[in-house]
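Novice: As a plain string of letters, each chain reads:
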Amino acid sequence: MSFGDHIPWLWAWVDVVVRVVIVALVMTLIVMYLTYGERKFLARLQMRLGPMRTGPWGLLQAIADTFKLLTKEDLRPAQADRWVFEIAPYATFVPVLMVLVTLPFARDWGVRNLSLGMFYVFAALGLNIVGILMAGLGSGNKYALLGGLRAAAQMISYEIPLVISLISVAMIAQSLDLNVITELQHRRPFVVLQPLGFVIFFTAMLSELHRAPFDIPVAESEIVGGFTVEYSGIRWSMFQLTEYASMWAWSVFGSVVFLGGWEWPWGGDVGWGYQLFLTFLKSFLWIASVLWIRGTVPRLRIDQLMSFCWKVLLPLSLVQLLMNGFIIVYGWPQELLFATSAVGAAGLIGFIVMRGLHRPKTPSLVGTYKQPQGSSA
Amino acid sequence: MTIWPTEREYLAETDAFDTVDMTINVGPAHPATHGVFRMILTVDGEMVVDCEPVIGYLHRGLEKLTENADYRQAMGWWDRTDYLAGMSCEMAYCMAVEKLGGIEVPERAEYIRVMMAELSRIASHLIAVGSFGQDVGSFGTSFTYAWRERERIYDFFEEVAGDRMFPTYLRPGGLQMDLPENYEPRLRWLINSIRQGIDDLDGLLTGNEIFVERCRGLSPVTTERAINLGLTGPMIRATGYRWDIRRAVPYSVYDQLDFEIPIGNGTGDVLDRYLVRMAEMYQSTLIVEQCIEKLPGGLVLNPDLPKTLRIDDAECYIRTEGTKGEYSVYGMARGGNKPYRMKLRSPSFCNLSALKELVVGHYVADAVIILGSLDIVLGEVDK
Amino acid sequence: MTQPNAHPVPPYKPDFGAEADRLRPIDLPKPRAAYKMVLPGVMQVPADTILAISRKSSIWPMTFGLACCAIEMMGAFMSNHDLDRFGIVPFASPRQSDCLIISGTVTKKMAPAIKLIYEQMPNPKYVISMGACATNGGPYTEYDRVLQGVDKIIPVDVYVPGCPPRPESLIDGFIRLQEKIMEEKRMVG
Amino acid sequence: MSQESQTPVTEERPAEQYPGIAALIHKKLPAIAFTATETKDNVDLRIGPESLLELARGLKDTPGLDFDYFNNLTAVDMVDEGLHAKYFFASYRQNHSVQVTVVTVPGQPNLPSLTGLYAAANWHEREAYEMVGLVFDGHPDLKNLLLDEDLHIHPLLKAHPLVKAEILQGIEDATPGFKF
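First to last, the sequence lines map onto chains A, B, C and D. The number in my numbering is simply the position in the first sequence, starting from 1, with 9 added. The number in my numbering is simply the position in the second sequence, starting from 1, with 3 added. The number in my numbering is simply the position in the third sequence, starting from 1, with 178 added. The number in my numbering is simply the position in the fourth sequence, starting from 1, with 44 added.
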């Protein structure tokens, strides 16, 4: 029962506009304090204090950054072709705002609940590749070109395991409506049933955001700023806004699909306040883990990244899909779902951890020292 | 056109898909080039086809200025060559002037010089490993970990010698002043904190599967090729050949000290260079500890030094193991208080001359890491 | 084998090529902010103050180290003397940074590159000349390949003394720059 | 170095004229004529530019010597005696090193290039070319390394003047640029 039907058609429009404005304001506030939070969190990781001087504990830092970026000179490089360069930031930002329409923050607190909610989210988030490519190719700079092409290759190839892992969840919930999926997780969140799906989703989501180990399009140390290298002032802050907004949107979507969103620990029967708190708590924990990974894990090379997606993530997600199919069609008990998926997840994480365990060591620390004359050539 | 061409034949016959190589200018102001060094990469897609290093952006005329300055005045320029390890360059220059002038250095000064040179080696390796971690992509965390130890070494330098980076603590003929009385507890605390810092960095980088995976097998170098290219220091030890000037041509008091020369696993790739540097830092802490125990008493500066140093008709070639490789000084004096010619054989200059051969055939992302593993300092390269 | 001065040594004639016109100084374009044209005078003053405070508290320098002073600049960014407390985050691309720290010796081969970077930076931009080398050539004053001071090619706002200046004196330079931004808030658009 | 004029070396020069490593080199490479002198810490062989390539190849390839490491090349401007190039070769296996001084005639600073034998010599020779003006024939791309491409100056020549330290900033006398 969607929550917009009983109002006559005029009021429906007003209702939608009010909800969209609220969600947009909440998103802007969260995005501004995400930039501040990220700098504080990374500073904590690196044993230093984050911004402290602008406002108490640096709380006004985000506002100061925004105002400064607003008043920067509006530069556009001569060899960049005009319209592609100017529309690119907005082309990346619009899909993120479209996604926020369907995300359920509490029982009736989404803007509009679509029966094909998950499908709509795939479609919308697939669009920001177009914006990134426009930025990369439009700004007429070799670094931006490289960054744009890298981003396109990475995000397109990582979308497939992402979509397949979400489909395997939709198979269990038998519906694509985000509200229905959340209500089904009353007793058990889907992460318990689908641990492998969760791991694949998290990795693919990291590469959709081009962060942490997959941040080659915006690689600081190689191609200076990736596709955002030619942007300055307000246009560049639009890219920052997109990055943090999509990080927040993905974390809310991930917590809705896998961690039970506003439903899991008794969310259904307690009031909407507790549900809102649950959603925001889970999304901020999700974001904290993304920031933590960004602080410690170095960057993958482009061929390693591609081979990891095509040779590891994709086959595993297909196997996951097949197992779900068998279990659901033949009606085997749900516990079997957990068993097979847990085996897959253990295999993937174990593969990575085992490789990291045997640390390479220089052999010579053990041997005694020999004079050079006697040493082997 | 063959009836059923394979893909390679088709591409060979038609030039429809011929791609033009793009030249990328990893310019003088780039976070990955550790200073003002420029690489012109010719790139086919992501693969580096040709790399032409351009240096000279920091050429400050070290040798010309040394020829027109008194023997003791030139100290200020010489420790600014390898500005990550000021004291080890000062040591090389002082030894060159002492060899030219035949000046004796008291035993205590020699031990303190070795102690300071080894601490600067640790400080320089910390920067090398820290910024290498940042090149691979760990966004500054490895850098701040390395820098925490380096600040503590700076504090110790400041107590002992007066300044953080370029204390000009050494003089031809000994030291400027003696160590403070209660230096020992602080130095032992510093050694322990350095070992703790090395373990943290080890955990952060070597324990990280992605870091190891990205560095393994990059630009392997065989020992013969390294010798021909003139690579020295961690570069040649990474190829598995146990060569260190401190052992092969012992200078100062290194022959009375007992320490280990770590070598890589023999492939000479980027991972081995990183591991050799980590192990060398540990060895340097052992050296400093031995120096503390064996420190003899006595004067620190040669008492009968002339007011102005006049050396006539002498030639010398001092080979020392600097932090980046073989840091050698050729000195020629033909009378008067100014050296006739002082030439620096800087290790970064020689290691960098092999960059084209190390980088071609890898990805752009790897070119940056290989440059990081060379650990060059531009003050030394451009002299 | 060699007979001394059998062949007269050819006289040494240095030829400096096209270097002189590469090192022309840059003249600063006059910036004009949009809100200055639109808002009436009485509302411009608070707007100036707010913008100056926000510009002061989020200076983004460019990661651009030349020589030994760059190591002390990095030291200032790291945990002991954290510049991030003042909202100062180093950015890699000149487009997104609004302060250029010249940390090290400016040689005549590097000068055109510095001019290019300075021109690429969007407008309310500042330059901190860090260390004796950037201010007037430092210990290398007598060598003709070294540019005697970066203010010969780009306008400099704050000079930080020292060779290399301690991180604390660089932070003092930033504070002086922040005061300068507050003083100039009316002129800079 | 001894300053007396060098008489052409003959075969029957007595052995003690070759201190240290020079005796071994002379035994292994009798064809090459050189005068050996003792510097502070290694032996210096003085030869002309015509026998440099032969000596270098001999040092590198003969089994007993195997100087496989091109350590350093220093170009010195001896004002009246022309330009001297001092090569330093070292050996990793035998752990010994030798200094070779090539005395060039003041008018023609031409030397054979050793990039064929040692890959390390490439940049050393380019630096010597731009700093002092030694010309290395057979060098793949002999152009400026540390200076700009279009600069034809040799800073390390004794004739190249040092700039007088300019105390006045350009600002007081309102001259934005500077004079060379």
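Hints were generated in silico from the structure; no laboratory data involved. Possibly wrong hints are sitting among the right ones.
[As the list claims (entries may be wrong)] Capping the alpha-carbon separation at 30 Å, the derived lysine-lysine pairs in DSBU-like fashion look like this: (1) D:K187 x B:K310; (2) B:K359 x C:K293; (3) D:K104 x C:K191; (4) D:K104 x D:K71; (5) B:K359 x D:K71; (6) C:K191 x B:K341; (7) C:K293 x D:K208; (8) B:K341 x D:K202; (9) B:K341 x D:K208; (10) C:K191 x D:K208; (11) B:K310 x D:K202; (12) B:K341 x D:K84; (13) D:K208 x B:K297.
Novice: Give a verdict on every hint.
Specialist: To see whether the hints hold, each was checked on the structure:
1. At most 30 Å may separate the alpha-carbon atoms for a hinted pair to count; K187 of chain D and K310 of chain B exceed this at roughly 43 Å.
2. About 29 Å separates the Cα atoms of K359 of chain B and K293 of chain C, which keeps this hinted pair within 30 Å; it holds.
3. For a cut-off of 30 Å, the pair hint linking K104 of chain D to K191 of chain C is broken: about 38 Å separates their Cα positions.
4. For the proposed pair K104 of chain D and K71 of chain D, the alpha carbon gap of about 15 Å is at most 30 Å, so the pair holds.
5. In summary, the hint linking K359 of chain B to K71 of chain D is not supported, as the alpha carbons are separated by about 39 Å, beyond the 30 Å threshold.
6. A threshold of 30 Å between alpha carbons decides the hint, and for K191 of chain C with K341 of chain B the separation of about 25 Å falls inside it, so the pair holds.
7. With a C-alpha separation of about 26 Å, the suggested pair K293 of chain C and K208 of chain D falls inside the 30 Å cut-off, and the hint holds.
8. A distance of roughly 13 Å separates the Cα atoms of K341 of chain B and K202 of chain D; the hinted pair therefore holds under the 30 Å criterion.
9. With a C-alpha separation of about 18 Å, the suggested pair K341 of chain B and K208 of chain D falls inside the 30 Å cut-off, and the hint holds.
10. Proximity of K191 of chain C to K208 of chain D is assessed by CA-CA distance (about 19 Å); at most 30 Å being required, the pair is judged to hold.
11. Annotation: proposed proximity of K310 of chain B to K202 of chain D holds, straight-line Cα distance about 26 Å (limit 30 Å).
12. Of the pairs offered as hints, the one joining K341 of chain B and K84 of chain D holds, with about 18 Å between alpha carbons and a cut-off of 30 Å not exceeded.
13. Between K208 of chain D and K297 of chain B the alpha-carbon distance is near 48 Å, which puts this suggested pair outside the 30 Å criterion.
Taken one by one, the earlier hints fail for this structure at numbers 1, 3, 5, 13, listed in ascending order.
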